[in-house]
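Each chain is listed here by its residues.
6 protein chains.
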Amino acid sequence: MIYITRRERFNAAHRLFKKAYSDEKNLEVFGKCSNPNWHGHNYELFVTVKGDVDPETGFLVNLKALSRLIREKVIDKIDHKNINLEVDFMQGKMASTENLAIGIWNELENDIAQLGASLHCIKIYESENNFVEYFG
Amino acid sequence: MIYITRRERFNAAHRLFKKAYSDEKNLEVFGKCSNPNWHGHNYELFVTVKGDVDPETGFLVNLKALSRLIREKVIDKIDHKNINLEVDFMQGKMASTENLAIGIWNELENDIAQLGASLHCIKIYESENNFVEYFG
Amino acid sequence: MIYITRRERFNAAHRLFKKAYSDEKNLEVFGKCSNPNWHGHNYELFVTVKGDVDPETGFLVNLKALSRLIREKVIDKIDHKNINLEVDFMQGKMASTENLAIGIWNELENDIAQLGASLHCIKIYESENNFVEYFG
Amino acid sequence: MIYITRRERFNAAHRLFKKAYSDEKNLEVFGKCSNPNWHGHNYELFVTVKGDVDPETGFLVNLKALSRLIREKVIDKIDHKNINLEVDFMQGKMASTENLAIGIWNELENDIAQLGASLHCIKIYESENNFVEYFG
Amino acid sequence: MIYITRRERFNAAHRLFKKAYSDEKNLEVFGKCSNPNWHGHNYELFVTVKGDVDPETGFLVNLKALSRLIREKVIDKIDHKNINLEVDFMQGKMASTENLAIGIWNELENDIAQLGASLHCIKIYESENNFVEYFG
Amino acid sequence: MIYITRRERFNAAHRLFKKAYSDEKNLEVFGKCSNPNWHGHNYELFVTVKGDVDPETGFLVNLKALSRLIREKVIDKIDHKNINLEVDFMQGKMASTENLAIGIWNELENDIAQLGASLHCIKIYESENNFVEYFG
Numbered sequence: 001m002i003y004i005t006r007r008e009r010f011n012a013a014h015r016l017f018k019k020a021y022s023d024e025k026n027l028e029v030f031g032k033c034s035n036p037n038w039h040g041h042n043y044e045l046f047v048t049v050k051g052d053v054d055p056e057t058g059f060l061v062n063l064k065a066l067s068r069l070i071r072e073k074v075i076d077k078i079d080h081k082n083i084n085l086e087v088d089f090m091q092g093k094m095a096s097t098e099n100l101a102i103g104i105w106n107e108l109e110n111d112i113a114q115l116g117a118s119l120h121c122i123k124i125y126e127s128e129n130n131f132v133e134y135f136g
Numbered sequence: 001m002i003y004i005t006r007r008e009r010f011n012a013a014h015r016l017f018k019k020a021y022s023d024e025k026n027l028e029v030f031g032k033c034s035n036p037n038w039h040g041h042n043y044e045l046f047v048t049v050k051g052d053v054d055p056e057t058g059f060l061v062n063l064k065a066l067s068r069l070i071r072e073k074v075i076d077k078i079d080h081k082n083i084n085l086e087v088d089f090m091q092g093k094m095a096s097t098e099n100l101a102i103g104i105w106n107e108l109e110n111d112i113a114q115l116g117a118s119l120h121c122i123k124i125y126e127s128e129n130n131f132v133e134y135f136g
Numbered sequence: 001m002i003y004i005t006r007r008e009r010f011n012a013a014h015r016l017f018k019k020a021y022s023d024e025k026n027l028e029v030f031g032k033c034s035n036p037n038w039h040g041h042n043y044e045l046f047v048t049v050k051g052d053v054d055p056e057t058g059f060l061v062n063l064k065a066l067s068r069l070i071r072e073k074v075i076d077k078i079d080h081k082n083i084n085l086e087v088d089f090m091q092g093k094m095a096s097t098e099n100l101a102i103g104i105w106n107e108l109e110n111d112i113a114q115l116g117a118s119l120h121c122i123k124i125y126e127s128e129n130n131f132v133e134y135f136g
Numbered sequence: 001m002i003y004i005t006r007r008e009r010f011n012a013a014h015r016l017f018k019k020a021y022s023d024e025k026n027l028e029v030f031g032k033c034s035n036p037n038w039h040g041h042n043y044e045l046f047v048t049v050k051g052d053v054d055p056e057t058g059f060l061v062n063l064k065a066l067s068r069l070i071r072e073k074v075i076d077k078i079d080h081k082n083i084n085l086e087v088d089f090m091q092g093k094m095a096s097t098e099n100l101a102i103g104i105w106n107e108l109e110n111d112i113a114q115l116g117a118s119l120h121c122i123k124i125y126e127s128e129n130n131f132v133e134y135f136g
Numbered sequence: 001m002i003y004i005t006r007r008e009r010f011n012a013a014h015r016l017f018k019k020a021y022s023d024e025k026n027l028e029v030f031g032k033c034s035n036p037n038w039h040g041h042n043y044e045l046f047v048t049v050k051g052d053v054d055p056e057t058g059f060l061v062n063l064k065a066l067s068r069l070i071r072e073k074v075i076d077k078i079d080h081k082n083i084n085l086e087v088d089f090m091q092g093k094m095a096s097t098e099n100l101a102i103g104i105w106n107e108l109e110n111d112i113a114q115l116g117a118s119l120h121c122i123k124i125y126e127s128e129n130n131f132v133e134y135f136g
Numbered sequence: 001m002i003y004i005t006r007r008e009r010f011n012a013a014h015r016l017f018k019k020a021y022s023d024e025k026n027l028e029v030f031g032k033c034s035n036p037n038w039h040g041h042n043y044e045l046f047v048t049v050k051g052d053v054d055p056e057t058g059f060l061v062n063l064k065a066l067s068r069l070i071r072e073k074v075i076d077k078i079d080h081k082n083i084n085l086e087v088d089f090m091q092g093k094m095a096s097t098e099n100l101a102i103g104i105w106n107e108l109e110n111d112i113a114q115l116g117a118s119l120h121c122i123k124i125y126e127s128e129n130n131f132v133e134y135f136g
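Protein chains in written order, with the numbering used here: chain V, 1 to 136; chain W, 1 to 136; chain P, 1 to 136; chain X, 1 to 136; chain C, 1 to 136; chain A, 1 to 136.
Extracted from the complex, chain V is given alone in its bound form (with noise of 0.2 Å):
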């Protein structure tokens, strides 16, 4: 067993909010992400798989298919979007990063196992200095 991991990037605007909330009570609960006019960032995906190595490529799995696979199912989605008005898979959730973990997560999973490898692990960057993994 061997795990192999991709990072991905994109950027997007989001808002923490619940709208039976007002503006006042949203800013209480969520502070400045609730902030109606938006903001945004720079989120880093790590996939992480697992799997076999196969003997005849030395590979777990075609790098290039897990990028083409991420990309057009995450990244061609979500980069410079608004998370919550505009990603299919985030639609009726709050955006924050960690139901963003389980949205890709959900994306990516059937599609890796037919890449060869099974989805290990979902991890993002929402800022330097908080990131959420996410294993099933």
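Just so you know, not all the hints are guaranteed correct.
No copy labels: a pair is met if it fits in one copy or bridges any two.
What the hints assert, rightly or not - As a list, the in silico PhoX-like pairs of lysine-lysine whose alpha-carbon atoms are at most 20 Å apart:
hint: 1; residue 1: 123; residue 2: 50
hint: 2; residue 1: 25; residue 2: 64
hint: 3; residue 1: 32; residue 2: 73
hint: 4; residue 1: 50; residue 2: 64
hint: 5; residue 1: 77; residue 2: 19
hint: 6; residue 1: 73; residue 2: 25
hint: 7; residue 1: 18; residue 2: 64
hint: 8; residue 1: 77; residue 2: 123
hint: 9; residue 1: 64; residue 2: 32
hint: 10; residue 1: 32; residue 2: 77
No lab work stands behind these hints: they were computed from the structure. Treat the numbers as computed from the prediction; the structure is a model and nothing was measured.
Given chain V, put chains W, P, X, C and A in place with the hints provided.
Using the frame of chain V, we list chains W, P, X, C and A on its own:
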């Protein structure tokens, strides 16, 4: 003459577009940075000041005072904000990194002189692959 | 189950030595880390907690509260301090990174439970080439 | 149980290819990594060992001894070398990062046991976007 | 006058040696960088251009066009290549980082002028501990 | 004219204070950096030299010789030391990063001339948020 640099960070949403253009025209000129629903970044700001070392303290400038000044004049206005809609010193300008560097220079130049140093450079990273420098 | 990590930093002086040894013997066993006049580091601390996402907020834990807790229980006690002489939770122990990780775990474990999460890992970088991880 | 990680670096040339294939076939399967004239990388190697803290020293393991061991068994053999042609523990294998991690594990496992710790993980960055982990 | 920098990366093999020398003499003069079987690096390239901000766009230069130019004139020629054997603008020169910086300057200078900016600096990291800057 | 930079690192303890002041007065002027029990840092030192490329070697300067010089004149004197008490070129001066940069410049300037290059800049990071540059 010695140079000292203080790094600060801010997260903000922005959009590159001209009001006179249609969304299609903005997309043609500014690419995905023109997304009408905004996107955002973790910006890194480096403020470099220059001057002589005070023989009493061994300092060019009190770094805490410099950091406080940058926070008051820049970070508090722009962090977790929408650069196009909410940042006073960016009103009426394209929200490009180039204009951001010039705008932050103008915000800080006089106050840094009052700390007993001269502003030398504003450097801003918009992403790990792009940064702008402005020397006045 | 999801994991979130908060990074904090502190600068401190320390020395590796045994009182029962002479300076020569300490030098032999601990090398230049035994310098009787101290040396120091910029330590990076990563605190990882785990638990379930609160469906109301989308958070595992309030990151500001976590950061405040780490500051109160760890950073305020150790930043710009001498680890051997001034840090209560390191008294009577070798000031190694290993013991620092265990000491910080013990400082934080109960209070993190009160935030509604479980402490998962304390990771400390002493330099860019060395880090320690402790999982309790 | 505590974990300590030592980072070392090496620069090397390599090529991904099968002798049984033509250059065209290798290009098709391995892309530009199959360049017959070689290419190369700055590899970053992270060796993680685990065990108990020695109450005498506060150490899991003497980091200088660990670093010396990694240099003797790995870095001296691979730094500024051609992985395909010159590295004994990679002969007869694809020069992939996956195989490199497994090869380095095998080089180090027994000797680390003699330092009084257990090898836990070999992690290798081939570029800032890709890394492999092997846990034995 | 404002300055903008674009980072690109490439991986390549190279060797420092003089054909007129024996392998022993090359080893004496160039150390392990003279390995006849090559070694390699992950190079980081920073291209800084300068000029005036276009009031229409807020840009000094279209960064996508700059990135495309660097890829066409430099990255496509050198990435996953052997610098000594395959890179046209390095033929007949020592494959040192110094000469690489000068060679890349000459590749880019005229074309950057056609983008409406002036080339200011070529900076190349060969490793995390060494970099070269060339200002023409 | 070309510029090459070598990075070296050192860990040291220091304190900012004036002997003529009481501990209270020092705390007022220098903040927590005045702690009488010392604190410390992982310093990063960047030494930039300039000159012409030697057409024989393709080098501005032999980087190994430059590194050896920095180690002999600076790192061996300051690494794992107390800057206030043990570093000869800092005696009688405030142990600020500004003075450290000037002190290291004076240590290196003449010897770098003997390597066939000119010292251009001493840059020192005291933390990830602060660095000083001195150009003589």
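A quick look at each hint next to the structure:
1. Proximity of residue 123 to residue 50 under the C-alpha cut-off of 20 Å is found in both arrangements, the shortest distances being 14 Å within a copy and 14 Å between copies.
2. Taking the shortest Cα distances, residue 25 and residue 64 sit within 20 Å of each other only across copies (17 Å), while inside one copy they are farther apart (46 Å).
3. Taking CA atoms no more than 20 Å apart as the test, residue 32 paired with residue 73 passes between copies only; the shortest distance there is 18 Å, against 30 Å inside one copy.
4. In this assembly of identical chains, residue 50 and residue 64 lie within 20 Å of each other by CA distance solely inside one copy; the values are 16 Å within and 32 Å between copies.
5. For a Cα distance limit of 20 Å, the shortest separation of residue 77 from residue 19 qualifies neither inside one copy, at 23 Å, nor across copies, at 25 Å.
6. Taking the shortest Cα distances, residue 73 and residue 25 never come within 20 Å of each other, neither inside one copy (35 Å) nor across copies (27 Å).
7. In this assembly of identical chains, the alpha carbons of residue 18 and residue 64 lie at most 20 Å apart only when taken from different copies (19 Å versus 39 Å within one copy).
8. Taking the shortest alpha-carbon separations for residue 77 and residue 123, only the intra-copy value of 18 Å comes in at or below 20 Å, while the best inter-copy value is 30 Å.
9. Taking the shortest alpha-carbon separations for residue 64 and residue 32, only the inter-copy value of 11 Å comes in at or below 20 Å, while the best intra-copy value is 38 Å.
10. Proximity of residue 32 to residue 77 under the C-alpha cut-off of 20 Å is restricted to the inter-copy arrangement: shortest distance 12 Å between copies versus 25 Å within a copy.
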